[in-house]
Each structure stands twice: as C-alpha cells, then as structure tokens.
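Engineer: Residue 30 is where the sequence shown starts when you use my numbering, and the numbers rise one by one after that.
For the record, the hints were derived by calculation from the structure and aren't laboratory data. Be careful, since some hints might not be right.
Unchecked claim - Cut-off 30 Å, straight-line C-alpha distance, at most; resulting in silico cross-link-like pairs (DSSO-like, lysine-lysine):
1) Lys139 to Lys199
2) Lys380 to Lys139
3) Lys124 to Lys259
4) Lys103 to Lys199
5) Lys124 to Lys261
6) Lys127 to Lys477
7) Lys513 to Lys199
8) Lys124 to Lys102
9) Lys329 to Lys383
10) Lys259 to Lys369
11) Lys173 to Lys513
12) Lys103 to Lys259
13) Lys261 to Lys383
14) Lys308 to Lys173
Predicted, not measured: the structure shown is a model, and the values here were computed from it.
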Amino acid sequence: MAEKCLVNSSCNSSSNNTFSLYCFQKRTTIQSNLRNVSTITCSSFKKGFYIRNNVSPNRAFKRFIILESSKRKKVPLFVMMPEDTFGIDTYGNAKIKKIRAIAASLKALKLAGVHGITVEVWWGIVERSSPSEYNWQVYEELFKLISDSGLKLHVALSFHANMHLTTNGKQGVSLPLWIMEIGRLNNDIYYRDRHGFSNHDYLTLGVDRVPIFCGRTALQCYEDFMLSFKNKFEHLMGSIIKEISIGLGPSGELRYPAHPSNDGRWRFPGIGEFQCYDKYMMEDLELVACIEGKPEWGCKGPENAGCYNSVPDGVPFFEYGPESYVSDYGQFFLEWYSGKLLHHADVILEKAAKMLEKYQNDGPDSVLLVAKIAVVYWWYYTGSHPAELTAGYYNTPLRDGYDPLALMLSRHGAALRVSCFEMNDHDMPRGYHCGPEGLLRQIWTVSKERLVQLTGQNETEIFDTQGLMQIIANCYNPHRAGVKSFTYSRMNAKVFIPENWNNFSRFVRHMNLE
C-alpha cells in the first residue's frame, strides 16, 4: 500500500473490556539462548551485513499487558523478509545480500518461537530477462536456508515492482526487463491517471486479455509463472510451504494505485485519483457504456472528483447531488471500476486454486491460498468513503464494498489478508475521519458471513508494547472469528535492538499460547 500516516498505536480499552488482563512484571533477565542470539545478530548488523539506523530505543520496558480471551487458538506468526533481501550482481543475476546476517536472524527468530518466514517471490527476479525463462536458483537457496532453520514458509508471489528512491537513485525490484522494454514502446500497459502520469508498479487491468507480451496476455503470464513455481517447489508444498498469497496489484494488494506516494503525487490524507485512463481501460469503459445505452458515459472518468490531495468537502463527486457518486452515472462508473478489479482477482485466484486443489484439504499438509487487500482507512467515517472509491473499493452507506470481494474469495477457498492490526481509531489524526478499527470490523463481519478466513499483518513498523498489544487484541478478539495467521512486517536491524527484541520476544511467546 502507498505510504500512510505513521501513528503510535495503543489498546482501545473500551472495545476490549471483555478480555482478561494479565500483567507480567519485567524479568530481570531473559532466556540466555535468546539473549545470546540477539547479541550475535545485532553485532552482525554492526559489522555491515545490515546498515543499522541510528534510532533511540524506546523507554525501558516495565510491564507487558496481555489481553486474552476465554477461547483462543495459537496464531501462527510469520515474519517477512527484509526489503533489501535480494540484489543483482555484475552479471545481472539475483543474489541474496547479507546472507550471514540473515542466517543469524533466522536462528534467533526460531528460538523466539516464530512459526515461519514470509518471502516475496518476485516476477522481476525469476523471469527477469526473457519471457518464459524462469530462474529459481536464488529462491532454492533461500528456501533451503529457511527450512534448515526449522521455519515454515509463507510465499508471496509478487507480480508488482518495489522500486524506491534512495541517495543512489532508484533501487529495488522492478518488473521483468522484457516487460519494461514493451512498456517503453507502449506506455499504455501501465495504469494512468487523467493527467497522463503512469504508474509502473503493476500492469493495468486493461491488458489482462490483450496478447501483447510476446504472444501472451498478462493473465497468461501470471498463470505460467504460478505453474512454474508449483512445478519447481511441489516437494515443499504442505510440509514447508504452508501459505501462498497471490499478488493482485500494487504492493501485492487488490487495488488501483490511487495513492502514489513514491513520486510525490499523493500525500496522506488525500482522497487519491481514479486510475483508468490508459487506452485499454478506456476502450473497455466505452464498450460497457455502449452496452448500457449511454455511450456518452464511456468517454472519460469523473471530471469533478478532485485531485490526489483533495479532501472530500467541496468535491462534487464525493458529495450528494446530481453529479455525485450516487447519481446514475456515478453508480455506473463505480460498478465498472470496482468490477474490473474483482474480475481480475477472480480469474487469477481460480487458476491458483486449481493448481493447489490437492493441498486445500484442511489437513496437516494443506496449503492456505491467500489474497491481500489494502485497508484504506482515512475518510472511512464519511458518507462517500472517497479514498476507498478511488482505490477500487465501492464501499458506501448504500453498498457494502467488501461483501462481493468476500463472496469471490469464498468460491475459491481463499483467505483474506488485511493489515493495520496495530492501529486503533483513537490514535488517528483528528479531522480526517480515519477508521482502521471500523473498517476491520466491517471486513471481519462480511468474512464471517461468507466463511472466509482472515490473516493479519501490521501496516507500520511497530516495536512498542502498546502496538503489539493492539495486534494481540485483534488476533484474539472473542467477538470475532479467529485469525488464521499473522505476518509481522518486517525483519530488519531495529527488531534486534535489545529493548525491541525483548518486546518482540514476549509478543511471540504470547502468540504461541494455546
């Protein structure tokens, strides 16, 4: 998801008063094996395997308050690999960076009680140079390192880019080089806003069925990649690989890139902009409008929807009126815009579910299929939910935008992964009508009704006990269905700073309680 407001999290006591409270005084010492591994790992960071940021540690830990429900199951905890896990050598091949520090970190996490590791499997690394030529060597090496440490795997098949600006220019993982070459000749393969700016993080939905990728459509490229992965690592399915999430958009989330923070176009809490102006999406809109008998609706998107950093007040499309989201045109456009997103996920997950059919049996060797969505929580407590609408979630007081999504996931036996488990409404900036808790409640409700399992993740970097307690409260809320698993984002040097490590270790131990 695009960069959001970073806030401190704390427990909402009013919503959690049904929990039993258990206070544990800080132990003067921790288990010696964890202490020793933490020391080794931190020293590895200092030696240059990771670049350690100069940050002040939190205040000394005095009490760890655990929220516990009367009915609870152990929630398997995965830790996501560092953002800079991979690099490219001088020959253009992918390699694992700082492998000794990673090995030490994996041992520390295993001793702490972590269940597994989340690894992003990048399209831009595996099929980097040529179409249909897959090089899995770097992932064979990493998966062996993880399994030898006694940890399980959550594999995130990632069809998006993860480029970010640094002092040395753009760094990260791009889309495959051969895809980018096609994009240089045809920029319409990417999402585009009404100003003509493109987003190169993910292919537009408009090319899902257009065979312009060396004779293949985008959907065929995704399917071939998934099949190659399954064939390569089938021997790990169910035993080591326990969950597979399928990337469905920018940051792996099923959404439009309506809030692009990396290039400075968007800042929190802007409402964002619709992303449907590449020629393929516009051709589809025009066709659907003609079928509807309203060809004039197919020429463009809403022209009165403000800009990236607008607030809802004073923006006609997000207010009540004859030219707003509740108008006939507004409803038509939003149905089409959100429907394209749902259809995209439906087709990809159908393919993935068929590939994993033999492993979806709820037994000890099962593999959980997962889809991730964004939690667009700002302006949630407004009538129009503008930031959700631009992201592709048609959620208003008159329409539950997450019910069609849950229904689609249910058909494929897929779980839903949502973030913001560390956030609560009370700590949000005032005036922006933020509702991370309200949105999570809504998603939880429709998921329960549609028999869809939930998995969780934190959205912001979190080390303090209050934020960790909020995660525990969300994972073990007695009024909601249980969380299937939780992914902590992510492993880095700061996790192993002694105070942070102490807090994290206690958090892991509590998540492991039956």
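Engineer: Run every hint past the structure and note whether it holds.
Structural biologist: Here is how each hint holds up against the structure:
| no. | hint | verdict |
| --- | --- | --- |
| 1 | Lys139 to Lys199 | violated (34 Å) |
| 2 | Lys380 to Lys139 | violated (33 Å) |
| 3 | Lys124 to Lys259 | holds (21 Å) |
| 4 | Lys103 to Lys199 | violated (41 Å) |
| 5 | Lys124 to Lys261 | holds (18 Å) |
| 6 | Lys127 to Lys477 | violated (42 Å) |
| 7 | Lys513 to Lys199 | violated (36 Å) |
| 8 | Lys124 to Lys102 | violated (38 Å) |
| 9 | Lys329 to Lys383 | violated (37 Å) |
| 10 | Lys259 to Lys369 | holds (27 Å) |
| 11 | Lys173 to Lys513 | holds (25 Å) |
| 12 | Lys103 to Lys259 | holds (28 Å) |
| 13 | Lys261 to Lys383 | holds (17 Å) |
| 14 | Lys308 to Lys173 | violated (44 Å) |
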